[in-house]
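Enquirer: Chains as they are written, first to last, in the numbering used here: chain A, 1 to 363; chain B, 1 to 106.
Treat the hints with care, since some could be wrong.
[Stated by the list, open to error] When the alpha-carbon atoms are kept at most 25 Å apart in a straight line, the in silico DMTMM-like pairs for lysine to aspartate or glutamate are as follows:
id : chain 1 : residue 1 : chain 2 : residue 2
1  : A       : Lys100    : B       : Glu34
2  : A       : Lys37     : A       : Asp5
3  : A       : Lys213    : B       : Glu34
4  : B       : Lys45     : A       : Asp216
5  : B       : Lys45     : A       : Glu219
6  : B       : Lys32     : B       : Glu56
7  : A       : Lys37     : B       : Glu15
8  : B       : Lys32     : B       : Glu94
9  : B       : Lys53     : A       : Asp216
[Claimed, not checked] Pairwise CB distance ranges (calculated):
id : chain 1 : residue 1 : chain 2 : residue 2 : range
10 : B       : Glu29     : A       : Thr66     : 24 to 32 Å
11 : A       : Asp352    : B       : Trp102    : 12 to 20 Å
12 : A       : Ser220    : B       : Pro12     : 20 to 28 Å
13 : B       : Val92     : A       : Asp63     : 23 to 31 Å
14 : B       : Ile9      : A       : Asn120    : 36 to 44 Å
15 : B       : Trp102    : A       : Gly200    : 50 to 58 Å
16 : B       : Val92     : A       : Ala199    : 51 to 59 Å
17 : B       : Leu13     : A       : Lys109    : 42 to 50 Å
These aren't lab readings, by the way, just hints derived from the structure by calculation.
We treat Cβ as the ideally placed atom computed from N, Cα and C, and that holds for glycine.
Here is what each chain is made of, one letter per residue.
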Amino acid sequence: MVERDIVVIGSGPAGLCAAIEAAEAGAKVLIVDENAKPGGQLFKQIHKFFGSREHRAGVRGIDIGTLLLKQAEELNIEVWLNTEACGIFDQDKVWVVRDKHTSVTIHAKRIILATGANENAVNFPGWTLPGVMGAGAAQTMINIHRVLPGQKILMIGSGNVGVIVSYQLLQAGAQVKAVVEAAPQLGGYGVHTAKVRRAGVPFYTGHTVLEAKGTDHIESAVVVKLDAAWKPIAGTEFELDVDTICIAAGLTPAVELAFGAGCRSVNSPVLGGLVPWHDETMRTSLSSIYIAGDVSGVEEASTAMEEGRMAGLSAAQSLGYLQEKRYRTRFEAINHNLLALRSGMFGQKRRDAKKAIVAASKG
Amino acid sequence: MQRILDHPILGPLPEEEKVVIMVDGEPVEARKGEMIAAALIAAGKPYFRKTVKRHEPRSIFCGIGRCTDCVMTVNGIPNVRTCVTAVEDGMVIETQLGSGDWGGKR
Ligand SMILES: Cc1cc2nc3c(=O)[nH]c(=O)nc-3n(C[C@H](O)[C@H](O)[C@H](O)COP(=O)(O)OP(=O)(O)OC[C@H]3O[C@@H](n4cnc5c(N)ncnc54)[C@H](O)[C@@H]3O)c2cc1C
Ligand code: FES
Chain A
1 MVERDIVVIG SGPAGLCAAI EAAEAGAKVL IVDENAKPGG QLFKQIHKFF
51 GSREHRAGVR GIDIGTLLLK QAEELNIEVW LNTEACGIFD QDKVWVVRDK
101 HTSVTIHAKR IILATGANEN AVNFPGWTLP GVMGAGAAQT MINIHRVLPG
151 QKILMIGSGN VGVIVSYQLL QAGAQVKAVV EAAPQLGGYG VHTAKVRRAG
201 VPFYTGHTVL EAKGTDHIES AVVVKLDAAW KPIAGTEFEL DVDTICIAAG
251 LTPAVELAFG AGCRSVNSPV LGGLVPWHDE TMRTSLSSIY IAGDVSGVEE
301 ASTAMEEGRM AGLSAAQSLG YLQEKRYRTR FEAINHNLLA LRSGMFGQKR
351 RDAKKAIVAA SKG
Chain B
1 MQRILDHPIL GPLPEEEKVV IMVDGEPVEA RKGEMIAAAL IAAGKPYFRK
51 TVKRHEPRSI FCGIGRCTDC VMTVNGIPNV RTCVTAVEDG MVIETQLGSG
101 DWGGKR
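In isolation and in its complexed conformation, chain B is listed as follows:
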């Protein structure tokens, strides 16, 4: 949705190096070291994946790696918990459909 640039207690958002991640083929700017989920929510991505059977949209729920609602395909590997996985420059992130596609490796 938006970054909190100024905060009454935490102060201004510290400067941070930028990295670029590819989200469904589009470049998205992220802060170095932040979690993928934070970058995607800041960029306004409405949902991260769709469920296996009913194709329902999902995004974060627990935000701390416990519920697996936020999983996506990251650099070709499905079911990566984006709320506890940090961005890397050039990382390829895809909205995951169902339980994901291992690209024929399995």
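Looking at chain A on its own, in the form it has when it is part of the complex:
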């Protein structure tokens, strides 16, 4: 059996920051990720970040990713790529499969779960046709693989992911025929929405996709207006000539490992549904397991990074790697950043939701 102080599962912004913070404190850290490359969703985020001014807003996700990888390398953090974590047992053993065939059990004094989130689907007749995909899938295709999944796109959902990916599809050379949003108002940050609007893309609020048509691949989409009770209004249907529909209907925390391990859950609709209960140090109901990033409630890359730092710091502290004073100073600094990121019109809701999780009983 392999032994490590701390095993971090997931190398997205949350996992990388957790590993960096813990390694800086002196802990021996191993990161595992099922992908061939580290970085999670960061390297898809070619736009400048939103978030608070003091907080790397204005820097592109890809550049932050490069910086974090450099820091991790300088700290000699061990990274196992192509390594899937399949389960956690006895609260301190992680079972992983390397390169799809070698099974390894890692004995970890502390485990930090930073597994991210999965995209939600929307069902309508034809939603399984080739050409209908998650907005994240399209983003991965264009920004990582440099391949356009289609030329004529319909985006479902006007939240941040919907408008950001729409804009990135335009940058990649596709036509975005429309953004449909079932709610009566748009959901994304104004800056991102405005960029897509300025490019001439029509937004249809109070509309949804009734059907995707095609035989071997989508050939068109039927859009319909919704009434106040979100029921399609007969006679308002119109057809759009599209070869791709992207679905940006939110994310759900990737909680399988946490719940499989026995972490207690809390329901947080604002943050994507069931999440592992955690306190403000990011410790779950199992004292050896910490979480950070989207798995602890879907927010943004900037919050994922701070939560990662918090989890790394607390895990290292619990192993005796930090003097109380140093720990306090870092804790306060990270907490301050998190509060700043969770302010403003959009942030306040997330701040309240986080508070409610911490306040819920540990069970």
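Dock chain B with the ligands against chain A, hints included.
Expert: Leaving out everything else, chain B with the ligands in the frame of chain A:
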């Protein structure tokens, strides 16, 4: 559909060695190290497999290895997730029908 040769932020597509994969018996050029799904979409392949019962076409859905919509038979092994499996020179890729054929091995 098409490769993004020039990009306002990512710049020109970097040069990459070419490999040749066999897709349903036809040679297709791919970039070394890229995912099979990326190569096939770039080549305009409309669908990757057909479902077991209703023979409905499927292609990628999540693009990150989570949903298994993109599985194909690769070098004789069925149910390989093409969005997270890299191409190799000479790789034999087949549109998968139903749950695939293990070639009598099972
Ligand atoms: C399409 C899309 C666009 C987005 N755009 C933005 C944006 O513009 N700005 C923003 O702030 N946020 C954006 N987000 C939110 C984004 O999820 C967060 O910003 C951030 O990436 C979350 O970080 P994370 O570290 O929690 O998760 P991720 O970045 O998702 O990293 C999780 C990692 O864990 C790995 N992993 C998961 N399970 C396992 C396992 N069992 N074994 C091994 N490895 C595993 C995954 O492969 C992945 O590499 C976007 C999300 C999506 C899907
Ligand atoms: S597209 Fe979902 S696993 Fe490949």
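Enquirer: Assuming the hint says 36 to 44 Å, is it satisfied by the Cβ distance from B/Ile9 to A/Asn120 or not?
Expert: For B/Ile9 and A/Asn120 the Cβ distance comes to about 27 Å; the hint is violated.
Enquirer: Check the hint pairing A/Lys37 with B/Glu15 against an upper bound of 25 Å on the C-alpha distance.
Expert: 19 Å, holds
Enquirer: Has the given pair, A/Lys100 with B/Glu34, been kept, meaning a C-alpha gap of at most 25 Å?
Expert: At roughly 18 Å apart (the allowed maximum being 25 Å), B/Glu34 and A/Lys100 satisfy the hint.
Enquirer: Sort out whether B/Glu56 lies within 25 Å of B/Lys32, counting only the CA atoms.
Expert: Roughly 31 Å separates the two Cα atoms, so the pair is violated.
Enquirer: Note whether the CB distance of B/Val92 and A/Ala199 lies within 51 to 59 Å or breaks it.
Expert: At 42 Å between Cβs, range violated.
Enquirer: Look at the Cβ atoms of A/Ser220 and B/Pro12 and judge whether their distance stays inside 20 to 28 Å.
Expert: 33 Å, violated
Enquirer: Is it true that the C-beta distance of B/Trp102 to A/Gly200 lies inside 50 to 58 Å, as the hint says?
Expert: 51 Å, holds
Enquirer: Next pair to validate is B/Lys45 with A/Glu219; report whether the Cα-Cα distance is within 25 Å.
Expert: With Cα atoms ~14 Å apart, B/Lys45 and A/Glu219 stay inside 25 Å; holds.
Enquirer: So if I understand the rule, the pair passes when the alpha-carbon distance is 25 Å or less; does B/Lys53 with A/Asp216 pass?
Expert: OK: B/Lys53 and A/Asp216 at ~16 Å, within 25 Å.
Enquirer: I want to verify a distance hint. Is the separation of the beta carbons of B/Leu13 and A/Lys109 within 42 to 50 Å?
Expert: 45 Å, holds
Enquirer: Given the hint that B/Lys45 pairs with A/Asp216, test it: the Cα-Cα distance must not exceed 25 Å.
Expert: Holds, at roughly 10 Å.
Enquirer: Does the Cβ pair A/Asp352, B/Trp102 satisfy 12 to 20 Å?
Expert: 53 Å, violated
Hint compliance for this structure: hints 3, 6, 11, 12, 13, 14 and 16 are broken, all remaining hints hold.
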